[in-house]
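Novice: If you want the building blocks of each chain, they are given just below.
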Amino acid sequence: MTTTSAWNITLAKQGWYKRNEIAFTPWLFLVPGIVMFTIYVVFPIFQSFQISLFKWNGLGELGTHGEYVGLGNYEKLLTRDRSFNISLWNNLKWLIFYLVSIPAGLLIALFLNQAVRGIRLYKSLFFFPFVISQIVVGLVFTWFYDPQYGLFNGIIGFVGFEPINVLGDPSLATYGVIAAGVWPQTAFCMILYLTGLNSVDPEQVEAARLDGAKGMKMLWYVILPQLRPATFIAFVVTVIGSLRSFDLIAIMTNGGPFGSSRVLGFYMFEKSLSEYGFKMGYGAAIAVILFLIMMIFIGYFLWRTYQDEKAVNQ
Amino acid sequence: MNFIIKATAASLAAIVALSAPVSAELTGELKINLDTSNPAPRATMEAMISRFQALNPELNITTTVIDREAYKTQIRNFLSADAPDVLTWYAANRMKPYVEAGLFEDVSDLWAEPAIAGSLASTKGALTLDGKQWGVPYSYYQIGLYYRQDIYAELGLSEPADFDEMLANCEAMIASGRKCYTIGTKWLWTAAAWFDYINMRTHGFDFQMEMARGEVKWTDPRVYETFENWGKLVRMGAFIDDHQNKDWQQSLPFVVNGEAGAILIGNFTVSPLREAGLTDDQLDFHQFPPITPGVALAEAAPTDSFHIAANAQNKENARAFLRYLVSPAEQTIINNGANLTQLPVNSAAAVDDDKFLKQGFEMLSTNSPGGVSQFFDRDFPAEMAKAAMEGMQEFMVFPDNLDDVLERIEAVRQDLY
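Just so you know, the sequences run in chain order A and B. Each residue of the first sequence is one higher than the one before, counting from 1 in our numbering. Each residue of the second sequence is one higher than the one before, counting from 315 in our numbering.
The set of hints was computed from the structure by calculation and includes no laboratory data. In this text, all values refer to a predicted model and were calculated from it rather than measured experimentally. Ideal placement from N, C-alpha and C gives every residue a C-beta, glycine not left out. Don't take each hint at face value.
[To be verified] Subject to a maximum C-alpha distance of 25 Å in a straight line, what follows is the list of computed DSS-like cross-link-like pairs (lysine-lysine): (1) A/Lys55 <-> B/Lys386; (2) B/Lys629 <-> B/Lys438; (3) A/Lys55 <-> B/Lys531; (4) B/Lys531 <-> A/Lys76.
[As the list claims (entries may be wrong)] Listed next, the stretches of chain B that the computed footprint assigns to chain A, with coverage defined by at least 3 CB atoms under 8 Å from CB atoms of chain A: (5) 407-418; (6) 553-564; (7) 698-710.
[To be verified] A few chain A positions that, by computed beta-carbon distances, are all more than 10 Å from chain B: (8) Trp16; (9) Ser48; (10) Phe111; (11) Phe126; (12) Phe127; (13) Val131; (14) Val140; (15) Glu206; (16) Met216; (17) Trp220; (18) Pro229; (19) Ile233; (20) Phe246; (21) Phe291; (22) Tyr300; (23) Thr305.
Working from the sequences, and respecting the hints, build out all of it.
Specialist: See the structure below:
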């Protein structure tokens with residue numbers, strides 16, 4: 001009895017912080033991150049929303065030089081702007097074909113996941129494209145596709161096809177750029193799967209083997225389910241990467257020929273910041289739409305993570 | 315009274331500046347941003363700045379050279395965030411957004427000084443907006459057809475006197491297994507040179523300016539006529555293949571190797587072509603021939619300019635620098651054949667004894683009665699220019715898409731004006 005009251009007295013004597021330490025401290029550690037995130041991520045998002053309601057060339061203050069147009073920018077984007085439609089379709093192409101890098105990465109990871117002399121070297125070589133800058137990847141592929149001197153036409157010529165100008169053909173340019181993007185992305189997925197394969201339970205594999213599983217069956221029913229976390233990350237990162245595609249397009253085609261390889265991110269840049277672009281409000285409207293599309297995937301990602309956490313905590 | 319004193323002092327300074335050691339040397343800072351990143355212009359500008367430095371040893375000059383294409387997007391950041399004192403840019407409509415946003419300094423006072431008022435009169439219009447001047451020119455150049463006269467001679471061709479002859483020449487070139495014209499349209503503006511000339515030759519300078527002001531529909535029959543004339547060249551295969559993913563530098567080897575006969579571009583192309591090994595006996599220049607008889611010949615001669623940022627810290631030093639660079643002596647040096655190989659803007663400066671400069675100067679001063687425009691993307695508002703040039707690029711690859719292309723450009727025009 002006396003001890004309890006003494007304990008209570010010491011508690012009361014301790015400061016507010018001491019009493020709330022457990023609840024409070026995590027927030028204290030989070031403050032720098034939250035402040036940065038608010039200033040550099042959350043605030044600009046709302047600012048973009050605001051700018052997208054104006055007609056403004058990005059020079060001078062928004063308040064004095066901007067003209068409020070309400071949802072006019074969106075109305076024009078969604079109803080009258082063909083370049084926007086092309087960009088949106090191209091984003092969709094990116095989204096779908098960029099996903100090729102997931103199975104490709106898995107394939108290479110399975111192939112490299114063996115104990116052979118010098119395997120580390122092979123792994124590093126396969127990882128190499130992810131390490132070099134996207135700009136370099138873009139340049140390499142531009143030369144590869146070059147209609148006169150490029151290796152690509154040399155190869156298809158050897159097989160007996162007519163030479164084609166991949167980046168100069170409006171119907172092929174986007175695919176050409178995507179192919180360049182898939183190269184480093186495959187390397188990234190490969191690394192994800194290689195780390196995933198390290199944590200595959202050997203006992204389960206052994207057990208499956210005793211039950212007579214092998215080949216595709218083994219892969220599908222035993223290995224892949226254990227790689228689910230890796231697949232999930234690879235999927236999310238690839239999808240978001242495909243929506244963010246910009247640098248390869250800028251270096252390889254500059255959105256051309258005649259705007260056929262633009263995606264939303266590039267179109268936004270072109271409208272608001274490039275040499276001939278002075279429509280900050282219009283660009284912001286494109287950014288907002290791109291953001292909403294990305295939100296679908298980011299939302300899914302967060303929801304999944306939340307569900308997983310809940311399952312673990314139960 | 316005050317003004318007169320200032321003006322006399324300034325003109326004195328200008329006169330003194332010509333006759334080296336200057337008595338009143340400048341002190342403090344001068345920050346210069348340049349877009350002259352190509353080798354020859356870069357060396358020219360750096361040499362000019364070092365001469366200015368020698369006159370003002372106490373002045374602390376900082377020069378930043380930015381890649382020419384990147385400069386076009388960086389300018390709006392550094393003008394408001396980290397303003398230099400002096401910067402390069404382009405005249406006419408290209409400076410309009412910055413003038414309207416109050417980012418360029420009004421330098422009408424400089425233009426009122428006798429040393430500048432008299433000798434730069436010819437380019438005053440290009441630097442005037444709302445009745446005020448917003449910069450000074452440092453150079454301009456002719457645009458025209460640079461052609462391989464040795465190949466023309468080999469095929470028995472001569473400089474075309476009209477469009478039919480131009481087409482006939484082209485037929486002969488194609489028959490000999492070559493292309494008539496090289497071009498690289500990746501950055502679009504090279505295609506606009508063809509539009510400028512064919513449009514101005516078909517309908518004249520005034521029509522081009524009406525279009526620039528947005529007064530003519532892009533689906534107007536007269537615009538169709540222009541594109542039909544252009545289409546004659548496109549359809550006969552006059553231009554090199556795959557030009558849509560080459561920049562203009564990448565298109566030059568075709569002329570150098572004799573795979574194409576000519577290129578329509580500005581005089582800045584002479585220096586790389588000479589460096590690539592073409593002699594003046596192989597390379598020559600001719601004016602774009604007339605198309606519609608009776609239409610007065612008009613030329614495009616883009617003017618490059620220096621401006622003072624409105625947020626500059628050292629505006630007096632900046633003004634002194636502008637006075638220096640338009641002085642006849644400097645104009646003669648920086649525009650000569652060893653440097654920019656362009657035309658001086660100061661009427662008291664000497665045009666260098668260079669084959670192409672002499673032809674260009676003569677063409678612009680005596681054979682351009684219709685008028686002198688800046689260039690498509692400097693005369694037309696930025697957004698209009700972008701959409702139109704993209705359409706021109708498409709037209710040059712798929713001439714059959716013309717209706718669609720023009721409708722698209724017209725939609726942009728209706729939005730804009």
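Novice: For every hint, state whether the structure bears it out.
Specialist: Hints, one by one, checked against the model:
| no. | hint | verdict |
| --- | --- | --- |
| 1 | A/Lys55 <-> B/Lys386 | 21 Å, holds |
| 2 | B/Lys629 <-> B/Lys438 | 21 Å, holds |
| 3 | A/Lys55 <-> B/Lys531 | 24 Å, holds |
| 4 | B/Lys531 <-> A/Lys76 | 20 Å, holds |
| 5 | 407-418 | holds (count 6) |
| 6 | 553-564 | holds (count 4) |
| 7 | 698-710 | holds (count 6) |
| 8 | Trp16 | 44 Å, holds |
| 9 | Ser48 | 18 Å, holds |
| 10 | Phe111 | 35 Å, holds |
| 11 | Phe126 | 30 Å, holds |
| 12 | Phe127 | 30 Å, holds |
| 13 | Val131 | 25 Å, holds |
| 14 | Val140 | 15 Å, holds |
| 15 | Glu206 | 55 Å, holds |
| 16 | Met216 | 42 Å, holds |
| 17 | Trp220 | 43 Å, holds |
| 18 | Pro229 | 41 Å, holds |
| 19 | Ile233 | 34 Å, holds |
| 20 | Phe246 | 14 Å, holds |
| 21 | Phe291 | 22 Å, holds |
| 22 | Tyr300 | 34 Å, holds |
| 23 | Thr305 | 37 Å, holds |
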